[in-house]
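A.B. asks: Since chain A is already given, all that's left is putting chain B on it; use the hints.
2 protein chains.
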Amino acid sequence: MDGLRHSLAHLLAASVRELYPGSQNAIGPAIENGFYQDFDMSKQISDSDLPKIEAKMRELLPKWTKWTKKVVTLQEVKKEFSWNRYKIELAEEFAQENKTLTFFTCGGLVDLCKGGHDLPPATMDPRSFKLDRIAGAYWRGNEKNKMLTRIYGLAFETKEKLEAYVKQREEAEKRDHKKLGKELDLFVIDEKVGKGLPLWTPKGTAIKFELENFTRELERKYGYQHVETPYLGAEELYRTSGHLDHFLKNMYAPIDMDGDKFYLRPMACPHHIRMYQRKQWSYKDLPIRYAEIADYNRYEKSGELMGMIRVRKFQLTDGHLFVTPEGLKDEFKLVCNMIIEGMKGLGLTDIVSYRFSKRDPKNKEKYYPDDSLWNHAEGLMKEAVDELGLSYIEAEDEAAFYGPKLDVQAKNVNGKEDTLFTAQMDFLLPEKFDMEYIDRDGKKKRPVMIHRSTIGCLERTFGFLIEHYAGAFPLWLSPVQVKVIPVRTNHNRYAKEIFDLLKENDIRAELDDGDSNLGGKVRDAKNNKIPYWIVVGDKEIEAKKVNLESRDAGQIGQMSKEELLKKLLEEIKSKK
Amino acid sequence: MDGLRHSLAHLLAASVRELYPGSQNAIGPAIENGFYQDFDMSKQISDSDLPKIEAKMRELLPKWTKWTKKVVTLQEVKKEFSWNRYKIELAEEFAQENKTLTFFTCGGLVDLCKGGHDLPPATMDPRSFKLDRIAGAYWRGNEKNKMLTRIYGLAFETKEKLEAYVKQREEAEKRDHKKLGKELDLFVIDEKVGKGLPLWTPKGTAIKFELENFTRELERKYGYQHVETPYLGAEELYRTSGHLDHFLKNMYAPIDMDGDKFYLRPMACPHHIRMYQRKQWSYKDLPIRYAEIADYNRYEKSGELMGMIRVRKFQLTDGHLFVTPEGLKDEFKLVCNMIIEGMKGLGLTDIVSYRFSKRDPKNKEKYYPDDSLWNHAEGLMKEAVDELGLSYIEAEDEAAFYGPKLDVQAKNVNGKEDTLFTAQMDFLLPEKFDMEYIDRDGKKKRPVMIHRSTIGCLERTFGFLIEHYAGAFPLWLSPVQVKVIPVRTNHNRYAKEIFDLLKENDIRAELDDGDSNLGGKVRDAKNNKIPYWIVVGDKEIEAKKVNLESRDAGQIGQMSKEELLKKLLEEIKSKK
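Chains as they are written, first to last, in numbering that gives the first Met the number 0: chain A, 0 to 575; chain B, 0 to 575.
Hints were generated in silico from the structure; no laboratory data involved. Accuracy of the hints is not assured; some may be wrong.
[Said to hold, decoys possible] Computed list of lysine-lysine pairs in BS3-like fashion (alpha-carbon distance at most 30 Å, straight line):
1. Lys520(A) with Lys442(B)
2. Lys365(B) with Lys191(A)
3. Lys278(B) with Lys173(A)
4. Lys565(B) with Lys566(A)
5. Lys525(B) with Lys565(B)
6. Lys566(A) with Lys343(A)
Extracted from the complex, chain A is given alone in its bound form (with noise of 0.2 Å):
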C-alpha cells in the first residue's frame, strides 16, 4: 500500500502544479493512512481548495499508466530542477553522501525520487483516495526555514476502506475524551496547575462519586474493609518492599522531612500490609480484604501524558487480599468474578480482552528470584482462569516483579490499548514483610497476597467511560439527571417546585430559568447529553404533571410528579 501512496504524492505534486504553476514541490512520502506533499506555493490555499485538486488528481490518474526510472548526475538534476531550489538542494546533499541520484517519471512528471512505488496509480479505484487537509510545516522540520504547505491525503485499497476509516475517525474524534471532557465540563487540564494533573470539575466529581460509590458497594458486597492510608511512604518501607530495587525508575525522587526521606507512594501494598501487621491474626480471619480509593503517584514524561487516560497521580480503587496458601485458588477466582461484576455494571464488558501475564522465563533478573514459587503461581492463576472459563492471551515478561498477573485490557477509541482492571498473586512481599498468623496447628504460617483493582483507576476509567457511551452516559452516572424548563418566566415558580422536588430526592437536576427561548433550552440540554429534561408551560401546570422528554427515546409524555419520581428513582437504581 505504501508503494500506491508515495506515487499518489507524485500525482498530487503534478495536480498542485498544474493548477498553480510556479510552486516548488518539495517532498512528499506515504504515511500511515495515506500520503503528504510539501510545496512552495505561488498562491495561498486552504482547505476549500482541496476539492479543485482532488478533482484535477482524478483528471490525471487515467495517464498515470507507467513508472520509467532513471539514473542521473546532479548536473541533471539542477538542469531539470533549475525552477525547484529544494530540490536541488536535496540532491545536492544526496550527491556529497554518494548515493545515487535517481529520476522517476510518471504521466509525464519528472520528479527527484528514491523510488518505492509498485503499481501506477491508473491501476486505482479513484474513490479510494481523497485529500484530507492542510497544514503548516518548515522545510526540513526546521523552525528556522521557510514554513511550507503541507496537504494531507488519505488512501486505502479500496473505496469502503477509504470510508470506513474517516468514519471510524470522525467517530473517535466525536468521542474523544480530552474533546468531550472540555465541552461537557467534565475536567480540566491546566497547565498552571500541573501537567498530567488534571482537575475534576463539579460535573466530572459527580460522576467520580458515583465510581466511588459503586465500588465501594460492590467491595462490601465481596466482604471488603475500607481503610484509608496515606499517599506517602518512608524509605524503610518501600526499601523492604523491593520497589527501590524493582520499580525506582517509575518513582518521584523523595522529600526529606525533618531528617527523614519520604516517596510519593507508587502503590499502597506496603500500607495494606503494615495495616494487616497492627494485630495478630488467626486462621479463622483470613482471607482479609482491604480496600481503598487510594492515591497513586508516577513517574510520567511529559510526552506520555494523555488527558484522563496517563496522569502523573491517580485514584486506583485498589484492594490487598491475604489468603491462606490453601485458600488462595478460591479467593482468586472471587476476585476475578467481582471484577466482572464491576465491568458489567460500567457497561465496559464489550470492549475488554484478558491478558494473563506472566514472567520472562529467559530474564528472570527482573524478577524475583525463586522458579518454584514462580511455577506455582503460574500454574495456579492459570487454573483458576481456566475454571472461570474466560478466554485470554498468554503474555511473557509482562508480569508484575513480585508474580504474575491477569490483566484486563481494553481498547480506547484509537485502537490503543490499555490495562483496565488487574489482579495479582503475590508470594513476595508476605517474605519480606515477614508476615504471618497462626494456622489451626498453633503454628506460624505465611499468608499469600493478592494485589487488585476493582473497577481500575479513576481517571482511566473515567476517561474511557467518556469515549465508550460519547459523553451521553446512562442516568446513574450523567452528572446532571434531568433539566427542569419552564416555557415561559410566567412558570418559573411551578418548575422550582418539580425542580425542588428532585433535588429533595436526590436526583441531580438544574433548574433553567433563563430568559432563552424553550428552543434554546432544550437544545442545550441535548448539547450537554442530559438524560432527561421536562417541559412545564400552562398545560401541565393545569394538570399539575411534567411533560417528560428523553434523550435516547424522545418524547415520553406527561405523568404525575410521582409516577416521574418512580420512574426516575428505579431507572437511577437499576443502574441501567
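C.D. replies: Frame of chain A; chain B shown alone:
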C-alpha cells in the same frame, strides 16, 4: 506555690531518710502541679510504698514550722554530708563556680539548697498534696551515671484543687485519643509507614466515611459544588499565589518531574482559583462555592507530631467561595452559620470559642501590604460576627498573610487549644490571579474570596471527637453500631438472620458467633463501646423477637425485628 512545692520536696527527703536510713537524697525541685525528689535508695521501693512515705510526710509536717538559712563553707558541707556523695559533688561544683553555699533547715532536716521556700509547710492543708508515682532518672540526666529513684508528688493550694486536678488528669488519660485510638482499633501510628502519617483502620474509616457524608450533605444544603483537585501543584502556581514568599517554611521541598518542579500542596486555594478560571462568569453566577475534602501537606517537626491532632498530611473539609464585593458580608455570615450547624451536628458546641484573628498593625511586612483593604476586610468581618451575635476574642498578628480570619478554637482534654474550623476573607489572591467576572454594567470586576472549612481537618476533628465522646460515639458515628450475640452456638442461625437483616439495611453490625460465653461476649461489646447489642436465645427465637440492650440506656427489652429496625434507623438518621 512553687515555694511550698519546693518545701515539700525537702519534707519528702526527710521522710524517705527516716523510713529508709542510708538513702541519699540528690536534687528535688518544684515542678508544674507539684515536685519531685531524686534518691539513691538503700532499698528498692515501688509505687506501693508511696502511701507509707506519704503518711510519714503528714506525720512530720506539723513540726516543719520555720525555715532557717545558713551560709556555709565547702568544708562544712563535706562534714555535714559526708554520707551523701551527691550533695558533695554539687557543693564542689558550686564552690568552683564561686557560688555561695547555703544550708536550709526545717523540722530538723538540714539540706544543701539555694532557697526559695516562702511559707513553711506546717501552714498548709496536709490533704492538699500527695505522692504520685516513682520513675527512674539518671543522676544529672546523664545515662552514664547511676540511675536514681525519682518520687513525684502533686501539690496545690487546697485539697479541692488537688482533687480536681487528679480527676481531670484521670479523665484526660481515659479520653486520650492516642490511647483510645489503639484500644478501640481506630487508627494506627506506624513509624515504618512514616512519622506523622497515620493509617485509618477499618473502624476508623467507617467513622471517616460518616464524617465525609455529613460534610458533603451540609455543603450541598448551603449550595456548594464539589470538586476534586490534586495534592500537587506546579512551582508557578505557588509563585503566583505568594505561598512561596509567605508560607515556604510550612511547605516540603519540591519534587522534580521531568524538568518541572512540583510542590506537595500546603493549601488548595490556587487549585480552586484555577477551577474558577476555566470559564468566564457573570455576576448572576456568583457566589460560586467550591468544596473539596482536600489533601494538605505541612512541614512539621517530628517532635511536634501528635496522634491524629498534629500530622504531616491531612484532609481538610475545604472550600472556597467567589463572591461579589457587595455580597461579601452576607455570604460570610452564611459561612459562619454553616460552620455552627456542623459543629452542632458533631456535638462539639460546648467545647469551642471564637477567635477573630487580625493583622498586627505594627508588624505589617508579614502581611499583604494594602492598609485600606485590610481595614475594609477587618471592618466587614467584625460587622458580620457582631451581627451574628457571636462572642469572640480579638487576636492581633494571627491573620493569614492574605486576610483576616475567624477561627473556632477547641481545647483538647489536656487543655491544649487548637483551631478546629476557620473562615477567612481574601482580597489578595483574586488580585494575584487576576480573577474576574462580568458585572451588571458589562464591565469586568474582581470577585472576593472566602476560604473556609466545614468541619475542619478530618484527622484533627476525629481526634477531638474521640476525646470528646471518650470513644463512646453516638450511633450514627459508631464503627460498629450493633453487635448480635447468640447465647449459645445453637442460636447462631437465628442470630445470623438478624445480622443479615441489619446489613441489608446498611447498619454496621457485627455477629459474635464464636465460642466464648454470653458474659464474655457482652463484656467485649461494652469494652468496644458498641452502642447496642442484641442477645438472642431460646426465648427470642420462640417469640420471633430480639432482645436489645444499650450502652447508654441499659436493658431495653424484647421487640420485633421491624421495631428494632425502625428504632435504629431513626436514631441513625437523627444523628443524636
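A.B. asks: Just pull the numbers of the violated hints for me, sorted ascending.
C.D. replies: none
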